[in-house]
Amino acid sequence: MILLFILLLISFFYAIYYKTQRSLHMLQEHLYNENNRYIKWIFKNLQDFISIDIVVIGISLIGLFVVYDLSFIANLCMILMSLFLVLIGYNWHKRIAEDQNKKKLVVTARIKRLIATIALIHVIPMIFIGWNLENLKFIWMMLFVESLFVYLNYFIAFIAMLINTPVERMVYLHFKRKAQKKLKSMPNLKIIGITGSYGKTSSKRILGEILNVKYNALPTPKNLNTFNGLIMTVNNYMDKFTDIFIAEMGAYVRGEIARLCKLVKPKYGILTTIGTAHLESFGSQENIQKGKFELIESLPQDGFGVLNGDDPLQVNYKRKNKVRIIWIGIDNKDADIRAENIKCSHKGTTFDVIIKGDKKKYPFETNLLGRHNVYNILSAIACGKEFDIDMEDLQRAVSSVKPVEHRLELKRLGNFYQIDDAYNSNPVGAKNACDILKMMPGMKVVVTPGMIELGDKEEELNEKFGEQIAEVADLAILIGEKKTKPIKAGLLKKGFDKEKIIVFNDVRESFPYIMELANDKEVYALYENDLPDAFNEK
Numbered sequence: 000m001i002l003l004f005i006l007l008l009i010s011f012f013y014a015i016y017y018k019t020q021r022s023l024h025m026l027q028e029h030l031y032n033e034n035n036r037y038i039k040w041i042f043k044n045l046q047d048f049i050s051i052d053i054v055v056i057g058i059s060l061i062g063l064f065v066v067y068d069l070s071f072i073a074n075l076c077m078i079l080m081s082l083f084l085v086l087i088g089y090n091w092h093k094r095i096a097e098d099q100n101k102k103k104l105v106v107t108a109r110i111k112r113l114i115a116t117i118a119l120i121h122v123i124p125m126i127f128i129g130w131n132l133e134n135l136k137f138i139w140m141m142l143f144v145e146s147l148f149v150y151l152n153y154f155i156a157f158i159a160m161l162i163n164t165p166v167e168r169m170v171y172l173h174f175k176r177k178a179q180k181k182l183k184s185m186p187n188l189k190i191i192g193i194t195g196s197y198g199k200t201s202s203k204r205i206l207g208e209i210l211n212v213k214y215n216a217l218p219t220p221k222n223l224n225t226f227n228g229l230i231m232t233v234n235n236y237m238d239k240f241t242d243i244f245i246a247e248m249g250a251y252v253r254g255e256i257a258r259l260c261k262l263v264k265p266k267y268g269i270l271t272t273i274g275t276a277h278l279e280s281f282g283s284q285e286n287i288q289k290g291k292f293e294l295i296e297s298l299p300q301d302g303f304g305v306l307n308g309d310d311p312l313q314v315n316y317k318r319k320n321k322v323r324i325i326w327i328g329i330d331n332k333d334a335d336i337r338a339e340n341i342k343c344s345h346k347g348t349t350f351d352v353i354i355k356g357d358k359k360k361y362p363f364e365t366n367l368l369g370r371h372n373v374y375n376i377l378s379a380i381a382c383g384k385e386f387d388i389d390m391e392d393l394q395r396a397v398s399s400v401k402p403v404e405h406r407l408e409l410k411r412l413g414n415f416y417q418i419d420d421a422y423n424s425n426p427v428g429a430k431n432a433c434d435i436l437k438m439m440p441g442m443k444v445v446v447t448p449g450m451i452e453l454g455d456k457e458e459e460l461n462e463k464f465g466e467q468i469a470e471v472a473d474l475a476i477l478i479g480e481k482k483t484k485p486i487k488a489g490l491l492k493k494g495f496d497k498e499k500i501i502v503f504n505d506v507r508e509s510f511p512y513i514m515e516l517a518n519d520k521e522v523y524a525l526y527e528n529d530l531p532d533a534f535n536e537k
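Numbering (numbering that gives the first Met the number 0), first residue to last: 0 to 537.
The hints are simulated quantities; they were obtained by calculation from the structure and are not laboratory data. Glycine included, each C-beta is placed from N, C-alpha and C at the ideal position. Any given hint might turn out to be false.
Unchecked claim - Below, simulated SDA-like cross-link-like pairs (lysine to any residue); rule was C-alpha separation at most 25 Å, straight line: (1) Lys111 <-> Met125; (2) Lys384 <-> Asp301; (3) Lys93 <-> Arg168.
To be verified - The calculated label-pair distances, taken between Cβ atoms and stated as ranges, are: (4) Asp496 <-> Asp238: 53 to 59 Å; (5) Lys342 <-> Leu172: 50 to 56 Å; (6) Asp392 <-> Asn504: 45 to 51 Å; (7) Leu151 <-> Glu508: 45 to 51 Å; (8) Glu480 <-> Lys358: 54 to 60 Å; (9) Thr107 <-> Asn34: 38 to 44 Å; (10) Lys346 <-> Glu458: 32 to 38 Å; (11) Glu167 <-> Lys93: 29 to 35 Å.
Construct all of the structure, not just a fragment, from the sequences and the given hints.
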């Protein structure tokens, strides 16, 4: 009996370990349930609860109500529970290994605290069992409770997060005060905020590289664009040698950008593009517009904002403050800084920059692809001029800017060229990527699982994306049959050959397929979006 109980404990641990890893990954990916994102994700993935975990619960109920006093059958039930628990753990281990991990679980101090709390929740029933080894009915009752805990693992992680809330609040306040104290101690620090629906990360990286020709600029690393991310950046990455802090600011609802501005107090701001990203959480296009302009409206009178004169949602917005605005543009001839004569190829982009009031044209060249990157460069040029960087240095800096990883990054992959746009799929970005693919020689392929978090416009916009693919691609590879139905509809609507539409369940299946195609022809494959684990289709 004791040996069987130990075997059962090990089996429970195995299943709990992998299910908890998945739960914590999703909790972290959904920003610890900010705006109820994690709970919404759970209810969108109720199919995960139709699993063999139910069998384990059933066996524990048999033990509790039927065979708790029959040792042979009770032992058999324990053995069966152990086998099914091992199978559960193996299935989740396999699923985690097969997931297209765009962003892996990061084992932070907060995650470690959650692991400790979750472990305590699971250990409590086992402790009770250890105290009552003589009472078989009580043992089966606790095994039933533990089986429920395994089955409801997503909710156990959520409960652990709620239990830890007071501790996390104290930790948060400590690091917030520390960050504020550091910022206060650096009165000469220039702080630039960057927000927008799309292009924040690319704009931040490009601006950082260009400003570094004269200053020591610190852009927020990776995707640290939340409140906690900015606190972490200030505390862990900023030092006394930092001249300029470039704070990328992300948001899912109105008020978040204003809250970030209150923390770091930017004097300068760049608004990239206003679109439909996170429409589901914002609720409307108007809320997105107002939410993004919180950055510009938080700037002091002696600062400046950089706005896109080709974006009607920026041009038509009535600002609530009088901060000086520098307008950039391509089509808008009234822009303060604009680009013309833009030429793109697989080698990069060339263009001329015109400054209002300056009759001279300044030629620029960059390794970056796409018209949208010209906007990012124009924003950086605007800031560079304001910070007294001469035009020759700006030209040299732009020519040396490296592509942002996974954002229209052109690279040789085996025997074909990959345009890696895995981290940058939205309606505007997707259209830009298709336009770039169109310029490439040889066979053109698009690989995509579609776009997400677009609210009730998601199907409509994905169908439009399918129409855009049909205009430029020779072959479309769709990842996930269910999710990509609107894209397929758009392709067929434009008369795309259905024989040229391939569907895979996993993006990794596309690589050998394209490599085979490239044996006798030049192939350029656009990889547009790589859905995070939260949206994997099985």
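message: Check the structure against each numbered hint from earlier and tell me which ones fail, lowest number first.
response: The structure breaks hints 3, 7 and 9; every other hint is satisfied.
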